[in-house]
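A.B. asks: Protein chains in written order, with the working numbering: chain A, 5 to 814; chain B, 7 to 98.
For the record, the hints were derived by calculation from the structure and aren't laboratory data.
All figures in this text were calculated on a predicted structure; none of them were measured in a lab.
Using N, Cα and C, we set each Cβ at its ideal position, and we do this for glycine too.
Heads up, a few of these hints could be off.
Restraint-style ranges between C-beta atoms, simulated for each label pair [unchecked claim]:
| no. | chain 1 | residue 1 | chain 2 | residue 2 | range |
| --- | --- | --- | --- | --- | --- |
| 1 | B | Asp19 | A | Lys257 | 17 to 25 Å |
| 2 | B | His29 | A | Pro252 | 44 to 52 Å |
| 3 | A | Leu29 | B | Arg10 | 48 to 56 Å |
| 4 | B | Glu9 | A | Lys328 | 24 to 32 Å |
| 5 | B | Leu31 | A | Val479 | 55 to 63 Å |
The calculated DSS-like cross-link candidates involving lysine-lysine, where the alpha carbons are at most 30 Å apart (straight line), are [stated by the list, open to error]:
| no. | chain 1 | residue 1 | chain 2 | residue 2 |
| --- | --- | --- | --- | --- |
| 6 | B | Lys71 | A | Lys309 |
| 7 | B | Lys36 | A | Lys317 |
| 8 | A | Lys320 | B | Lys92 |
| 9 | A | Lys465 | A | Lys454 |
| 10 | A | Lys364 | B | Lys20 |
| 11 | A | Lys317 | B | Lys18 |
| 12 | A | Lys585 | A | Lys69 |
| 13 | B | Lys65 | A | Lys251 |
| 14 | A | Lys332 | B | Lys71 |
| 15 | B | Lys20 | A | Lys394 |
| 16 | B | Lys65 | A | Lys309 |
| 17 | A | Lys309 | B | Lys32 |
| 18 | A | Lys621 | A | Lys483 |
| 19 | A | Lys159 | A | Lys542 |
| 20 | B | Lys20 | A | Lys201 |
| 21 | A | Lys483 | B | Lys20 |
To list a few chain B residues with every Cβ distance to chain A over 10 Å, as calculated [stated by the list, open to error]:
| no. | residue |
| --- | --- |
| 22 | Asp33 |
| 23 | Glu51 |
| 24 | Glu54 |
| 25 | Asn57 |
| 26 | Asp68 |
| 27 | Val90 |
| 28 | Lys93 |
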Amino acid sequence: MTEDKESQSKEDDIRIGVYVCHCGLNIAGSVDCAEVAKFAGTLPHVVLAQDNRYTCSDQGQAGIKNDIKEHRLNRVVVASCSPRLHEPTFRKACEEAGLNKYLFEMANIREHCSWVHLYDKEAGTEKAKDLVRMAAAKAALLEPAVEVEVPIIRKALVIGGGVAGIQAALDLADTGYRVFLVEKEPSIGGMMARIDKTFPTMDCSICILAPKMSDAGHHPNVELLTNSEVSEVKGYIGNFRVKVLKKPRYVLKDCSACGECVKVCPVVAPNEFDVGLAIRHAIYTPFAQAVPSTYVIDMNLCLNKDGVIVCDKCIKACERQAVKFEMKPEVAELEVGTIIVATGADVFDPSGLPHYGYGKYPNVITSLEFERLINAGGPSGGHLLRPSDKQIPKRVGFVQCVGSRSDKSGRLYCSNVCCMNTIKDSLLIKEHWPDTEIYVFYVDIRAYGKGFEDLYNRARKAGVVFVRGLPAQIVEDRKTHNVWLIGENTLQKEVYRINVDMAVLSIGLEARKDSEVIQRLLTLSRDQDGFFLEAHPKLRPVDAATGGVFFAGCAESPKDIKDSVTQASAAAARAGILMAKGKVTVEAITPITFAEKCTACGLCVKVCPYNAIILNKDLKRVEIVEAACGGCGTCAAECNFGALTQNHFTDAQITAQIDAVTEHDADRKIVAFCCNWCSYAGADFAGVSRMQYPPNVRIIRTMCSGRVAPKFVERAFARGAGAVLVTGCHLGDCHYINANYQTQKRVERLWKKMEQGGLNKERLQLLWASAAEGERFASKIREMKPMVESVKPEEIGKAKKFFEKALGGS
Amino acid sequence: MPERIRHAPLDKDKVRLVEAEIHLLKDECKGCSYCIEFCPRKVLEESEEINARGVHPPKIVDESKCMMCGFCTDVCPDFAIFVVEKKGKGGS
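Looking at chain B on its own, in the form it has when it is part of the complex:
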């Protein structure tokens, strides 16, 4: 449909979007950057810091963009990243 959308959806408050909490185990990371490459929402990027293994671990750019698809956990060879739902939010 070609109409331009000019009003916010009336039910936007009813949809509870997931709120993710991303946990990075920075020192486990070996810097393969799979999580950065494959994140569909581009939530992660390479950081400046150097970890115990001497590589740049990822850092979180915008946690609110995360949809909790969990693909980063799936592809991480070193079990260095996982995502959980934020506690104390929503609830219904």
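Here chain A stands alone, though its shape is the one from the complex:
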């Protein structure tokens, strides 16, 4: 298994060790690992090549460490899974053996090879060899690097004041860190404050939340910013500069919440907190337990909205003179080290499903409206009244999976909470009005958590009738306003037609409609359902891919209160780890300048998304501000004079990878450039999901698509590549603010060039794919396959000549 070429490489200093991992059968199932290792042994500079079952295991790592010492390895290549998963593991192992971690390189032969070519071992093995060849070629050119340490500001920002945000803020504050808790609404509390009881214990929701809200409001380490929105985030892990827009309340903190102002306010509107089921005035507090308890004026409604005080009734009524119409919006500038995103979720709007008649029939309500109706603090004082005649309904039907698990609504996922919520609601009705007939129409009842099954059984014992099969239609009886639920009972294979006084649509959760704002501000990714994407679904479930940013609660996926609180504490702990250390090392992927080649043209200064390059006109060169640099490499791609390159992604290293791909059968291959954050992760996702695509693609990883210099594409064509695919994050979603706009410009320029040269510009493709769009990546490769196959040798030759000339000329 081991092949040592000790004698052969005495003349050169570079000594590479290659480890090909079987990953059990994950790789070995569709790649002949022993053969790949044998092949690796024949590559230049490789002095040691072996295959083993689990390279990431303790033994595997110990083996590498041992070999570094014993065989004097000074470069290590591991061919296994995605570097997004285990690069840190192996880098650490190298470091422990005294090898600089930047001398390590990975070949992704699992997500990008074995898992996507499950049924073609021969092609899979060939591809794996190519990937190892590329990694070894790059490894030979790797340079050791020292990481810069930056201090971490020991303050945290929590975005969203629901139960998750409150818990995260309290945990951090109790640990001793200063926390800014930003909430869009006038009060913290979020969705949990609107719910009546919680499952499975039937605790009163606001009774257990209100003390926490109060704690957050009074904690010396927590600064509450309600009625506020994050408007700008700059900086990087440990050193974020955040701007928060504080909308005016028009009421000072002196407010004693006596409510005298409300009595005189002439304007009314539906209270959003009660889903419009109760009335509020222009000056109001959303609910009795609101924190802060200071009232707020809705300026869209107030008679003084045009800036002239025409109505002063509340001013006169206020004993403490707390009403102040002169308040203006303010911008708070915060400096924080970590950010926790706890922005929560929206509920599904069932008006888009006409067969259920929501919005048309008064007695069809949503589960959220039900919560307000059954709540003692709600508009009906806890009497479940049906909207049409305000009578207590005697027959109630619950319809499950409204806006969940359905093609029709466009929400394919399970919303996690609705089954148990309905069971809890049905028991609540039974508790107050035991004679009520209750029907639950379901697809599956998912009672998966601790104590859930018990509650389900209690509901069945209490006489709640569970009918499998959602109604196909809800029809109203015009006289009585009762509704008929018509559908098929799929257990008994018969049609049901059930008349109820009121139907409750158990609506699902969906990503916030304005998630995009936070996504852009923090350069996050979202999954196909619109929720924020975690760095790793199993091992880093609360970390965002952006350093120093963490998730809590429904922002990441639909979850119940317990899970939200658990995740909030986890996020607080993760953020706390960073802040406790007080410093973080920044990856050494900043640009390197060669002053002697620089002409001070200033192009790199213009494309830098971070303004991290300063043009020094006197000395005729540029200077890099390393701490501000994000590490995208766009500057290096822009430089026409070779005066800039990027650490760890140097021109020479990437060119070596291109040359390795195109060493043989280049005309049948696609050279793909993928950015670390979106498209590379998307390709990983395709692997994890076992989406099969043709094995003719070879992926080169850069941090950003902005690093892809035109000369790389030209090089690939000059070497006879069949096609080149440049991929990156969707425009506007770039992890490096806007660097991918440069990618677009460059590719468009190349297309133009190819057209002018009479070349088939289809051979160069551009794809935007997010980290969740594995299928998008896979189908692009499938789509390109016939095109690559149809490229004629003459075309290859023509492109070769054309680009050789272009490269030679520059």
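For this one, chain A is given, so just place chain B on it according to the hints.
C.D. replies: What follows is chain B alone, placed relative to chain A:
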């Protein structure tokens, strides 16, 4: 809160909204149109008719929109407008 509101408030009958009766002394008006400009509910607009002072006095567009803030009375230089609560309505 982003939910769309699809049901009427249950307590909408309990809130007694003010019902205003607007009185215009048309011939006192000199047509400055302050009342029209400053009304937060846009209850008034300029009329076609010509009064004793030879100007267009305001006319009432929709009395039910009036919230009785009384600002028109406050700004009128000629004491030509005042608002009272409608008699015989509500009462509680």
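A.B. asks: None of the hints should be skipped; say for each whether it holds.
C.D. replies: Each hint tested on the structure:
The hinted range of 17 to 25 Å is not satisfied by Asp19(B) and Lys257(A), whose Cβ atoms lie roughly 35 Å apart. Distance hint check for His29(B) and Pro252(A): the Cβ-Cβ separation is about 36 Å, which falls outside the suggested range of 44 to 52 Å. Here the CB-CB span from Leu29(A) to Arg10(B) is close to 51 Å, well matched to the stated 48 to 56 Å. Separation of Glu9(B) from Lys328(A) is about 30 Å and conforms to the stated range, judged on CB atoms against 24 to 32 Å.
At about 58 Å, the CB distance of Leu31(B) to Val479(A) agrees with the hint of 55 to 63 Å. The hinted pair formed by Lys71(B) and Lys309(A) meets the criterion: a straight-line CA distance of about 16 Å does not exceed 30 Å. The hinted pair formed by Lys36(B) and Lys317(A) meets the criterion: a straight-line CA distance of about 29 Å does not exceed 30 Å. For the given pair, Lys320(A) sits about 23 Å from Lys92(B) by alpha-carbon distance, which is consistent with the 30 Å threshold.
Proposed proximity of Lys465(A) and Lys454(A) is supported: the alpha carbons are some 19 Å apart, at most 30 Å. For the given pair, Lys364(A) sits about 24 Å from Lys20(B) by alpha-carbon distance, which is consistent with the 30 Å threshold. Using a Cα cut-off of 30 Å, the hinted pair Lys317(A) and Lys18(B) holds, with the two alpha carbons roughly 22 Å apart. Only pairs whose Cα atoms come within 30 Å are accepted, and Lys585(A) paired with Lys69(A) is accepted, the gap being roughly 27 Å.
With a CA separation close to 37 Å, the supplied pair Lys65(B) and Lys251(A) exceeds the 30 Å bound. Between the alpha carbons of Lys332(A) and Lys71(B) the distance comes to roughly 28 Å, so the proposed pair stays at or under 30 Å and holds. The hinted pair formed by Lys20(B) and Lys394(A) meets the criterion: a straight-line CA distance of about 13 Å does not exceed 30 Å. Between the alpha carbons of Lys65(B) and Lys309(A) the distance comes to roughly 23 Å, so the proposed pair stays at or under 30 Å and holds.
As the CA atoms of Lys309(A) and Lys32(B) are separated by approximately 29 Å, the hinted pair is consistent with the 30 Å bound. Under the criterion of a C-alpha separation no larger than 30 Å, the hint pairing Lys621(A) with Lys483(A) is inconsistent with the structure, at around 84 Å. Between the alpha carbons of Lys159(A) and Lys542(A) the distance comes to roughly 27 Å, so the proposed pair stays at or under 30 Å and holds. The straight-line distance between the Cα atoms of Lys20(B) and Lys201(A) is roughly 27 Å, inside the 30 Å bound, and the hint therefore holds.
Restraint check: the Cα-Cα separation between Lys483(A) and Lys20(B) comes to about 25 Å, which is no more than 30 Å; the hinted pair holds. Every CB of chain A lies more than 10 Å from the CB of Asp33(B), the least distance being 25 Å, so the non-interface label holds. Distance check for Glu51(B) against chain A: the nearest CB is about 17 Å away, which clears 10 Å, and the non-interface claim stands. Listed as a non-interface residue, Glu54(B) keeps its Cβ farther than 10 Å from every Cβ of chain A; the least gap is roughly 26 Å.
With a minimum CB-CB distance of about 25 Å to chain A, Asn57(B) clears the 10 Å threshold, and the non-interface call stands. The Cβ of Asp68(B) sits about 15 Å from the closest Cβ of chain A, beyond the 10 Å cut-off, so the non-interface label holds. For Val90(B), the non-interface assignment is confirmed: its Cβ lies about 15 Å from the closest Cβ of chain A, beyond the 10 Å cut-off. Its beta-carbon lying about 18 Å from the closest one in chain A, Lys93(B) satisfies the requirement of being farther than 10 Å from that chain.
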